[in-house]
Each structure stands twice: as structure tokens, then as C-alpha cells.
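Engineer: Next come the chains, spelled out residue by residue.
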Amino acid sequence: MSALLEVEELQVSFGGRTAAVRGASFRVEKGETHCLVGESGCGKSVTALAVMSLLARGGQRSAKRMRFAGTDLMSLSDREMVRLRGNRIAMIFQEPMTSLNPAFTIGSQMAEVMTRHKGGTRAAALDRAAELMGRVGITAPGMRLGQFPHQLSGGLRQRVMIAMALMCDPELLIADEPTTALDVTVQAQILRLLAGLKRELGLSILLITHDLGIVARVADHVSVMYAGEVVERAPTAELFRAPQHPYTRGLLSCVPVPGRVQRDRPLGSIPGVVPAIGPGFAGCAFRSRCAHADETCTRTIPRRRAANAHDYLCRLEPDWAELQPA
Amino acid sequence: MTAAIEVENLRCEFRVHTGLMSAEKRVVAVDDVTFSVPAGSVLGIVGESGCGKSTLARLILGLLKPTGGGVLVDGKRLFDLDRKARARLIQPVFQDPFASLNPRRRIKDIVALPLAAQGTFSRAEIERRVGNILERVGLSAAMGERMPAQLSGGQRQRAAIARALVLEPRIVICDEPTSALDVSVQAQILNLLADLRRDLGLTYLFISHNLAVVEHVASEVAVMYLGRFVERNETDALFRTPRHPYTQALLQSVLTPEPGKGVPDIGLGDVMPDPSNIPPGCRFNPRCRIAVERCRHETPAPMVRQPRGMVECHLA
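Respectively, the protein sequence lines represent chains A and B. Residue 256 in the UniProt record's numbering sits at position 256 of the first sequence; the count goes up by one each step and never skips. Residue 166 in the UniProt record's numbering sits at position 166 of the second sequence; the count goes up by one each step and never skips.
A couple of the hints might just be wrong.
[Unchecked claim] Computed cross-link-like contacts, BS3-like style, restricted to lysine-lysine with a CA-CA straight-line distance of at most 27 Å:
1. B:K261 - A:K30
2. A:K64 - A:K30
3. A:K198 - B:K84
4. A:K30 - A:K198
5. A:K198 - A:K118
[As the list claims (entries may be wrong)] One-sided and incomplete, this derived list gives chain B residues near chain A with beta-carbon spacing under 10 Å:
6. E24
7. L181
8. A194
9. T241
10. V263
[Stated by the list, open to error] If the Cβ cut is set under 7 Å, some of the chain A residues that face chain B in the computed set are:
11. A181
12. V184
13. L193
14. A195
15. A216
16. C254
17. P256
Hints are computed from structural coordinates only; laboratory data are not their basis. Even for Gly, the Cβ is constructed at its ideal location relative to N, Cα and C.
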């Protein structure tokens with residue numbers, strides 16, 4: 001397999017004080033869904049924004065390597081990046097209402113994407129919009145094109161965002177928490193749609209989520225992020241079968257699984273909170289919450305290999321399950 | 001078992017103006033809801049956004065006036081009580097602990113407010129009770145001196161729980177108490193709520209859209225759709241044998257962390273429920289997979305299935 005997006009040792013800081021991403025590395029292979037999973041503040045959204053060169057003012061990025069389909073993203077000018085965004089790399093965000101302009105019809109917003117990047121007539125762009133709306137399961141696309149964002153339900157708005165993202169036949173879709181604002185029933189429908197698009201259009205998806213249920217059901221590969229680092233990477237089945245990093249294991253134990261609930265027993269939880277990480281922080285960022293931490297955790301942590309394509313950042317040897325908390 | 005809370009034929013209508021020329025619309029947000037919750041147990045209420053679950057919470061808290069029906073708490077008619085008496089019986093914990101805590105007051109003052117508002121507690125007594133409850137929810141005395149913005153989301157939700165419990169109410173209405181929190185913190189808060197209920201003999205109404213969370217905390221679950229309970233049962237029975245097609249779809253849509261299973265096709269269609277335009281017959285029929293002709297014009301009556309089970313469906 002060849003990587004469509006390669007990110008190596010990405011660093012993002014804001015104003016030199018907050019280290020939001022600290023050496024994150026991952027690869028999105030062609031035609032696969034790669035999930036970045038982690039809790040709020042772990043740097044997963046900032047990572048996506050850094051890839052797109054959309055960091056907020058004051059945000060600075062550096063990377064050993066950041067390539068999209070063979071192009072070095074770090075060396076692109078702003079103008080070249082604009083040509084790529086919304087065209088070969090498309091994005092959808094959590095709250096479709098804030099990503100759509102309330103003052104313009106759905107049709108004109110969708111058509112603009114096409115005429116801006118690919119040229120052509122507005123009529124042709126509207127035809128393409130109608131076709132894609134049908135593709136993402138919107139009935140009566142003709143009527144919807146003339147409507148304004150507020151006239152659509154949340155699920156419909158997210159479908160519109162997906163259709164809009166597909167206007168220019170992107171190779172990579174970056175989806176940041178695309179279903180978090182939606183009801184579970186609608187969430188299932190949207191995720192099914194994304195899975196179908198990946199299969200039929202050969203789309204690669206970088207999906208950012210905090211929800212391990214979503215990860216399990218749609219991802220091919222997973223990168224678990226904590227405090228700006230990718231602490232574990234693995235193929236999905238492997239990650240859920242044999243998680244290695246104490247944080248990954250903790251996270252999995254926190255999720256109540258329907259049908260396997262033991263009501264008289266407390267849920268697993270991770271004590272404490274994510275520490276504030278400044279520049280120059282050394283060692284494992286999880287050590288203050290980890291039952292297995294010892295003095296070596298303040299030094300540089302090795303990246304260990306657990307299996308093929310499965311590695312993690314921890315002092316512990318693979319399959320340390322038998323170890324008792326220190 | 002005695003009922004801590006009894007809700008009878010509770011109904012809430014809103015009148016909405018949709019435009020200058022269009023007629024006034026009637027939105028029935030809560031439509032003739034009846035239930036009781038035994039003391040010391042947890043009733044989970046699940047449903048999609050707009051189904052009326054938060055309106056129901058606001059009615060029971062006395063924040064909204066019902067169009068009809070009543071609520072009995074401890075055998076007392078809730079709407080006959082004044083605010084102070086109501087506050088001693090029933091307290092809320094809301095979703096967003098940042099929005100529900102005054103950003104300009106210290107945590108210990110926020111937690112003390114319900115006591116101070118009663119006007120019957122001495123300053124020393126207030127201080128003693130606040131100190132106790134902060135400790136009980138896992139906040140140090142130092143945390144009490146801080147402002148809400150200096151606390152993490154989980155700590156803020158602990159403060160909101162302390163404020164709800166400081167008057168020692170019988171009933172706590174939890175409206176999406178963990179939806180704004182990360183999973184690792186959500187687990188801490190759910191465990192805390194479970195401990196408090198057991199130790200203090202509390203009764204919870206637990207509203208959530210997260211079925212896995214509800215299954216973990218509730219002893220009984222009610223499924224709400226367009227303002228009505230369409231199914232209610234003991235938690236295990238409801239999760240094992242859901243009878244209403246809507247309950248079945250909701251349960252199917254839960255994405256358990258099981259790789260390789262893919263995303264289920266729940267077949268609910270795109271027709272979103274609209275409380276201002278409730279369809280005739282069974283209110284779920286436009287989205288129902290198995291609806292027959294009868295469902296389109298005949299409203300199903302609640303059918304009692306098990307000692308405590310109820311379902312509103314012609315085909316269940």
C-alpha cells in the first residue's frame with residue numbers, strides 16, 4: 001500500500017507557550033479510513049488543521065515530513081495550498097450549521113466550490129450538486145438546492161456538507177467529529193454513508209473522533225493521541241484486541257458496552273486530568289495518571305513494536321497485562 | 001416500594017408563530033405522560049433531540065407550567081408548593097457545567113446559594129454543609145475557593161452535583177449530565193452519581209441520548225418519541241427484548257466498540273419527527289419499517305406487557 005498522506009514528527013505550538021502537538025506521526029493509506037482518536041485537548045483537531053495549513057493566528061507548525069500524494073505540504077505557498085483545499089483535500093466539521101453560510105442557498109454554496117476550483121458554468125456545477133445530493137441520500141435535491149441552511153435538519157445539513165466536500169472528487173476527506181452534534185440514529189446513517197463513499201469512490205478518510213465505538217466500526221487504522229503525541233498506532237482489530245499503552249487500555253475500560261453492563265460494579269475510569277504541557281516537557285505525558293509509572297517515565301520514552309504496524313510509546317514491554325500496578 | 005415521584009397525565013403545549021401570515025401552530029412537547037419512580041431507583045429517559053425529554057425535566061422541576069396533569073413528590077402536589085419547598089425536594093444537574101455555574105462566583109459560594117436562599121440556615125451551618133458536600137463529591141477545600149473557569153469540565157460537574165445535593169433533596173433530575181465530558185471523566189462522574197444514590201438514598205431521573213450510559217445507571221428505562229413514552233420497562237428487559245420498533249432502531253444505532261461489525265443499517269429514513277406536525281395514527285409510522293395500514297390511522301393504546309413494562313405499538 002502507498003501512503004496518500006504522510007505526517008512525520010509534526011509539532012504545533014501557539015505563541016511558543018503551548019505545545020499542542022508534539023511530534024505526531026501517522027500515515028493515511030490510499031482508500032483507507034484512518035482514525036485519530038483522543039479526548040478533548042489532545043491535539044487531534046489541531047493536527048488536522050496543521051495538515052490543511054489552517055492553524056489559527058499564532059499557530060506555528062514544523063514537521064520532519066508532511067507529504068500528500070507525493071507533494072511536500074510544508075513547502076507549498078498559500079496560493080498553492082488554497083488550490084489543494086476543498087479540491088483534492090476536502091474537509092467536513094462537527095457543526096454543519098457553522099460551516100455553511102446562512103445567507104446563501106445550498107445550491108449557490110455547493111456550486112461555488114466547483115466553479116472556483118474547476119471552472120465551468122454555474123449550471124453544470126448545479127447539475128453536479130444535484131447528482132451528489134442524490135448520492136448522499138438527499139431526496140428531492142432540486143428543492144433542497146434552493147433552500148437555506150436553517151431550513152434543513154442537522155442530519156440533512158451534514159449530508160449537504162459531505163456532498164459539497166465531494167464536488168471536486170477529492171482524494172482525501174478530513175472529517176473532524178462529523179457526527180458528534182447528531183442523534184445516534186442519524187449518526188449511524190451518516191457513518192454508513194461515509195463507509196459507502198470510501199468503498200465506491202476509493203476515497204481516503206482521516207476521521208477525527210473521541211468515540212471508540214465509531215473507531216471500532218469504521219476505521220482501518222487508528223492513532224491514539226494523548227497530550228499532543230500519538231501514543232499508540234495499530235490496525236483497528238489489533239488495537240481493540242491487544243491494546244498496549246496504559247492510556248488506551250484505560251480509555252477502553254471507560255466505555256460502557258451495551259449488553260455487557262454490570263450495574264453493581266463501577267465503570268473503569270482514569271484518575272486525574274490531562275496535565276498542561278509546555279515546551280521542554282520531557283518523558284511520558286501520561287505518567288501522572290498512570291498506575292505503572294516509575295522514575296524512568298520522566299526520561300525519553302521508547303517507541304515499542306507490539307506487532308506488525310502496531311507500536312506504542314511506553315516503558316512497558318508488549319503484553320504487560322500480567323503486571324500489577326506499581 | 002413507595003413512589004418517590006408520581007407523574008400523572010402531564011401535558012405541555014407551546015404556541016408558536018411561524019410567520020406573519022401563517023396561522024399559529026401548536027406544538028405538543030409533552031403529550032399525556034404518566035409514570036412513577038420508586039424511591040431509591042433510577043428512571044432513565046432516552047430519545048432523540050426534540051422528543052420532549054428536556055421539556056419533561058423542566059416541567060418536573062417547576063421551571064415550566066404544564067398545560068395539564070400533575071406531579072406528586074413524596075405525596076405532595078409539586079405545583080402547590082412554593083419555590084423554596086420545591087427546591088428542598090427536587091434539584092437538577094444539567095449538561096453543560098460551564099453554562100450552569102455563575103462564572104463570577106467562587107465554587108463554594110455557588111454551592112452555598114441554595115442553602116442561603118432558604119433563609120433558615122446560620123452562616124456556620126452553611127459553611128459546615130458546603131464543606132461536607134464538597135468533600136463528598138471529591139472536591140478539596142482549595143477547589144472551593146476557585147472560580148468555575150479554573151476548574152476542569154469534570155470538576156465543574158462535581159461542583160454542579162454538590163450544589164444539587166447541598167439541600168439534601170429526595171430527587172435529582174440529571175439532564176445529560178455527562179454529555180459534555182470526555183469518556184474518562186464521564187466514567188468518574190457516573191461512578192460518583194452511583195455512589196451518592198446508594199449512600200444518600202436518592203432517586204434519579206436520568207435523561208440521556210447515550211443508551212450505553214443509561215443501561216449502566218438506570219433501573220428502569222422509558223423511551224420517548226414526539227412527547228410520549230412509547231415504551232417503558234425494567235432496564236434488562238428493555239435492552240434484552242425491545243418491543244417497540246423505535247426502541248429496536250435506537251438500540252441498533254449504538255456503536256459498541258466491536259471492530260469488524262461495521263455500521264448498522266437502522267432503516268429509519270430521513271423523515272425527522274416534527275412536534276408541530278404529529279402524524280395521525282401511530283406517531284412513529286412514517287419512520288417505521290414494519291408499519292401496516294392500521295398504524296396510519298389508529299392511535300395505539302398503551303399495552304401493559306410485564307409487571308412494570310408498557311409499550312405503545314399495534315404490532316408489539
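Engineer: All the hints need checking, so say for each whether the structure fits it.
Structural biologist: Structure-based check of all given hints:
1. B:K261 - A:K30: Holds - the C-alpha atoms of K30 (chain A) and K261 (chain B) are around 22 Å apart, at most 27 Å.
2. A:K64 - A:K30: holds, 21 Å
3. A:K198 - B:K84: violated, 57 Å
4. A:K30 - A:K198: holds, 10 Å
5. A:K198 - A:K118: holds, 22 Å
6. E24: Interface hint status for E24 (chain B): violated (20 Å vs cutoff 10 Å).
7. L181: With a closest approach of 9 Å, the L181 (chain B) hint holds.
8. A194: holds, 7 Å
9. T241: violated, 12 Å
10. V263: holds, 4 Å
11. A181: violated, 9 Å
12. V184: This interface hint holds because 4 Å falls under the 7 Å limit.
13. L193: Hint violated; L193 (chain A) Cβ to chain B Cβ min 9 Å, cut 7 Å.
14. A195: OK, holds: A195 (chain A) within 7 Å of chain B, min 6 Å.
15. A216: At about 4 Å, which falls below the 7 Å cut-off, the nearest Cβ of chain B leaves the hint on A216 (chain A) intact, so it holds.
16. C254: holds, 4 Å
17. P256: Given a least distance of 4 Å, the restraint on P256 (chain A) holds.
Hints 3, 6, 9, 11, 13 from the list above are not met by this structure, while the remaining hints are.
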